[in-house]
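Visitor: Below, each chain spelled out in residue letters.
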Amino acid sequence: MSYKEIYNETIDERILTTVSNNGIKIFFMPKKGYTRKYAVFSTDYGSIDNVFVPLGEKEKIEVPEGIAHFLEHKLFEEEEANIFEEFSNIGAQVNAYTNFTQTSYLFYSTDNFYEGLELLIRFVQNPYLTEENVEKEKGIIAQEIRMYEDNPNWKVYFNLLRAMYHQHPVRIDIAGTVESINAITKDILYKTYNTFYNPSNMVLFVIGDLSFYELVRVVNEAEKKFDHVSDEILRFLPEEPDRIKERIVEEKMMTSMPIFTMGFKDRDVGYKGKEMIKKDVVTNLILDMLFGESTNFYNELYEEGLIDGSFGAYFSCKESYGHSIIGGQSNEPEKVYERVLGLLKLPAEELLKEEDFIRLKKNELGNFLLGMNSIEFIANNFTDLYFSDFLITDYLELLKEIQYQDIIDRFNFHFKEDNLSLSIIRPL
Amino acid sequence: MALKSERIKLADGIYLNLINEDKFKSNLLSFYIIRPLSRSEVTKNTLMSLVLKRANKNYPTSMELEKKLEELYGSNLSLGINKRGERQVIRFTMEWAKSSYVGEEYDGEVIGILKDMLFNPVLEGGAFLKSHVDQERENLRKRIENKINDKGSYAIERCIESMCNNERYGIYPLGYVEDLDEIDERLLYEHYKDIIRTSPIEILYVGRVDHRIVEAIKKDLNMERDEVITIPEDVLIDSVQTKNMVIDEMDVNQGKLVIGYRAGIHHQDSLYNPLLIASDILGGGPNSKLFKNVREKESLAYYISSTIYKYKSIMLIDSGINFDDFDKTCEIINQQLEELKAGQFTEEDIAKSVKSIVTNTESIRDSIFLISEFFFSQILSQDRRTLEEVIEDFKKVSKEEIVEAANRLKIDTIYFMRNKTK
Numbered sequence: 001m002s003y004k005e006i007y008n009e010t011i012d013e014r015i016l017t018t019v020s021n022n023g024i025k026i027f028f029m030p031k032k033g034y035t036r037k038y039a040v041f042s043t044d045y046g047s048i049d050n051v052f053v054p055l056g057e058k059e060k061i062e063v064p065e066g067i068a069h070f071l072e073h074k075l076f077e078e079e080e081a082n083i084f085e086e087f088s089n090i091g092a093q094v095n096a097y098t099n100f101t102q103t104s105y106l107f108y109s110t111d112n113f114y115e116g117l118e119l120l121i122r123f124v125q126n127p128y129l130t131e132e133n134v135e136k137e138k139g140i141i142a143q144e145i146r147m148y149e150d151n152p153n154w155k156v157y158f159n160l161l162r163a164m165y166h167q168h169p170v171r172i173d174i175a176g177t178v179e180s181i182n183a184i185t186k187d188i189l190y191k192t193y194n195t196f197y198n199p200s201n202m203v204l205f206v207i208g209d210l211s212f213y214e215l216v217r218v219v220n221e222a223e224k225k226f227d228h229v230s231d232e233i234l235r236f237l238p239e240e241p242d243r244i245k246e247r248i249v250e251e252k253m254m255t256s257m258p259i260f261t262m263g264f265k266d267r268d269v270g271y272k273g274k275e276m277i278k279k280d281v282v283t284n285l286i287l288d289m290l291f292g293e294s295t296n297f298y299n300e301l302y303e304e305g306l307i308d309g310s311f312g313a314y315f316s317c318k319e320s321y322g323h324s325i326i327g328g329q330s331n332e333p334e335k336v337y338e339r340v341l342g343l344l345k346l347p348a349e350e351l352l353k354e355e356d357f358i359r360l361k362k363n364e365l366g367n368f369l370l371g372m373n374s375i376e377f378i379a380n381n382f383t384d385l386y387f388s389d390f391l392i393t394d395y396l397e398l399l400k401e402i403q404y405q406d407i408i409d410r411f412n413f414h415f416k417e418d419n420l421s422l423s424i425i426r427p428l
Numbered sequence: 001m002a003l004k005s006e007r008i009k010l011a012d013g014i015y016l017n018l019i020n021e022d023k024f025k026s027n028l029l030s031f032y033i034i035r036p037l038s039r040s041e042v043t044k045n046t047l048m049s050l051v052l053k054r055a056n057k058n059y060p061t062s063m064e065l066e067k068k069l070e071e072l073y074g075s076n077l078s079l080g081i082n083k084r085g086e087r088q089v090i091r092f093t094m095e096w097a098k099s100s101y102v103g104e105e106y107d108g109e110v111i112g113i114l115k116d117m118l119f120n121p122v123l124e125g126g127a128f129l130k131s132h133v134d135q136e137r138e139n140l141r142k143r144i145e146n147k148i149n150d151k152g153s154y155a156i157e158r159c160i161e162s163m164c165n166n167e168r169y170g171i172y173p174l175g176y177v178e179d180l181d182e183i184d185e186r187l188l189y190e191h192y193k194d195i196i197r198t199s200p201i202e203i204l205y206v207g208r209v210d211h212r213i214v215e216a217i218k219k220d221l222n223m224e225r226d227e228v229i230t231i232p233e234d235v236l237i238d239s240v241q242t243k244n245m246v247i248d249e250m251d252v253n254q255g256k257l258v259i260g261y262r263a264g265i266h267h268q269d270s271l272y273n274p275l276l277i278a279s280d281i282l283g284g285g286p287n288s289k290l291f292k293n294v295r296e297k298e299s300l301a302y303y304i305s306s307t308i309y310k311y312k313s314i315m316l317i318d319s320g321i322n323f324d325d326f327d328k329t330c331e332i333i334n335q336q337l338e339e340l341k342a343g344q345f346t347e348e349d350i351a352k353s354v355k356s357i358v359t360n361t362e363s364i365r366d367s368i369f370l371i372s373e374f375f376f377s378q379i380l381s382q383d384r385r386t387l388e389e390v391i392e393d394f395k396k397v398s399k400e401e402i403v404e405a406a407n408r409l410k411i412d413t414i415y416f417m418r419n420k421t422k
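Going line by line, the protein sequences match chains A and B.
Using my numbering, the first residue of the first sequence is number 1, and each one after it goes up by one.
Using my numbering, the first residue of the second sequence is number 1, and each one after it goes up by one.
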């Protein structure tokens, strides 16, 4: 077996990597002394991938909203076995999640890990869909959608995305709508599955006190033989204008006080890898320097009672989109919005002090180290970064490289008033 | 390797518990203050904790304090307030990256900040800072009112509140809006002094135990104390006088059903582990009776589960359903519980539940925070068993015991949140 080893001295962690016989990329981080073992098997396919050319076809199709998430639910169905039961037979727990750009299947156990790994590979690679079991799932997912509809924090966020984006499918609810999932059929699900669950589009990450050799052997034995390992999947995104769609959107819901989020839409998109992750880290540092708990802005508004501990800001991006989100709850959300706009009128050098930059880099270093205690944190972040062509073990080196000038340049580019949307949920 | 804790008495009712575990990249120190859950002090305790977290004598503003924590590699200061049975537990925790990873020695400094938080508050004329108390009073008011935003946990809270209406367990752990106005900076400071002098305080440290760290924690903690209060035992009720049905009508899209049962089995009783397993078979996870029947078979819900509340020994089943499916769901739940009571489950079902509980218990070893919580919970419940012994005990449970425990469950309250009927 040929494999590669990546070691990072600062965090004292290593990653071993190889490719299975049928093309699944395997990454393993040994965690000596940890009781729990964790595996996450993911496809580079999420809710935004709803226009594509199906495997073996020539024409692109558009599929109903929420299909990636629907498929995630349905892969747990097998003809003979009950997947949940098989995992609980060996004392393991299994779960899955879908977001904008990926679908992940995971399990963890303290014993019988290799049996669980075999099960994981088998169930994800063997869909069993019937008209009947597809229909049955619609009721369950409808309840999941209803649950989110009653969650004001979720609503205020998706309303914001719909205000920022004109066309980009990031504005679509990940689970779809009760109407859109009703249009989902067995045939569309298979078509989607065959396109995106090809080994070439998937990655397996394993972490724990385990043998790399043994786990690779298990994967090679469990995996399905694929005649056609596809090259590149053709997926399409609509043309998205730089400017925001709407400035302010509001809705009323059962809440105790107004909730708001505002978002700066990023115009600097279209790349992945180190360059994108650097932009991500730089922008998050800026948000800490502008709105974090140690800033004048935060403390002034907190003391005036305009914001409370729920206030926070972060930047999130992928290849095709990005946005800085600032949110919380306030009896006067417009005032907070005005204050944000007022703040941004100040010159960058006055707003963003080098000493704050240096301190917040240390803060970020510590946060990352604390995160490295948790195998769940590592597994989830590994996959997310991997699909953006970046290895988690390179994170601290990237952080070190960031210069003060990067902060100033990015600030001047990204934080513009005409890129800012505001979403408010008010009590009924 | 088995986890062990070394317990050292520092003053009357103040104990330091040291757990040496070097596999993490951080160290963690927590102060747990234990109070009886009582309507007269619950609001004050919460407000006091929020005020203490704002600042201390050495870092008298939130901004200075936050800057310092950032400077110390994002040392993470957190506050937890919750009820454990009929007790209110206030937890102040600091977690910080080990100095070996950042090339700077700062353990003593972080430990000092956490201690100052509790023992050196910012004062002005013999009281807390008025501005801090005023601001935190408003924040707490909002926080209590915000309960409604998370419909799922609100429904659970409402069910407990209705069920334990005449018991201390019905008290909301963050306090009451109507009690806030009378608490000013002077009253709160007097209350604080009383809390510090009379409360049992458990200090838990998890990480690399070395001499310097232990000295830094112990320093100046041998303070004057009044008589330490005794925390009353939980009152367990195993019979149900009147069954309750509570309906809240609100503007919601999904109904929230919560059913409360009394078990009345004390956590030291030999039937307590069987009770946990019974609840797991019924509604512990995707392999449970409720998940299989309510979700997989009937497509009525996305989530349904049952949970045992340890100290009070009650069980809650909660789910999100269509308004019209209320009767049907209740019927299936009832039928599944009856099957459980009648012993309609296999040895295999038991083995699965035991494995799942054991896996989760074993996983405590992988989280620095959960290790601290585990040892604290053992102290609180006067349980001397090690983690390994706790795990072994789950494996000894028999089917007869599970059936017996299940038969102790008596329905008490059905809570339903639904849309407004016109």
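A portion of the hints provided could be inaccurate.
[What the hints assert, rightly or not] Derived list of chain B stretches under chain A, where covered just means 3 residues or more per stretch with a C-beta under 8 Å from a C-beta of chain A:
| # | region |
| --- | --- |
| 1 | 53 to 65 |
| 2 | 72 to 79 |
| 3 | 153 to 166 |
| 4 | 191 to 203 |
| 5 | 299 to 313 |
Calculated directly from the structure, the hints in this document are not laboratory data.
We put the beta carbon where it would ideally sit given N, CA and C, even for glycine.
Visitor: Need the list of violated hint numbers for this structure, in ascending order.
Guide: 3 and 4
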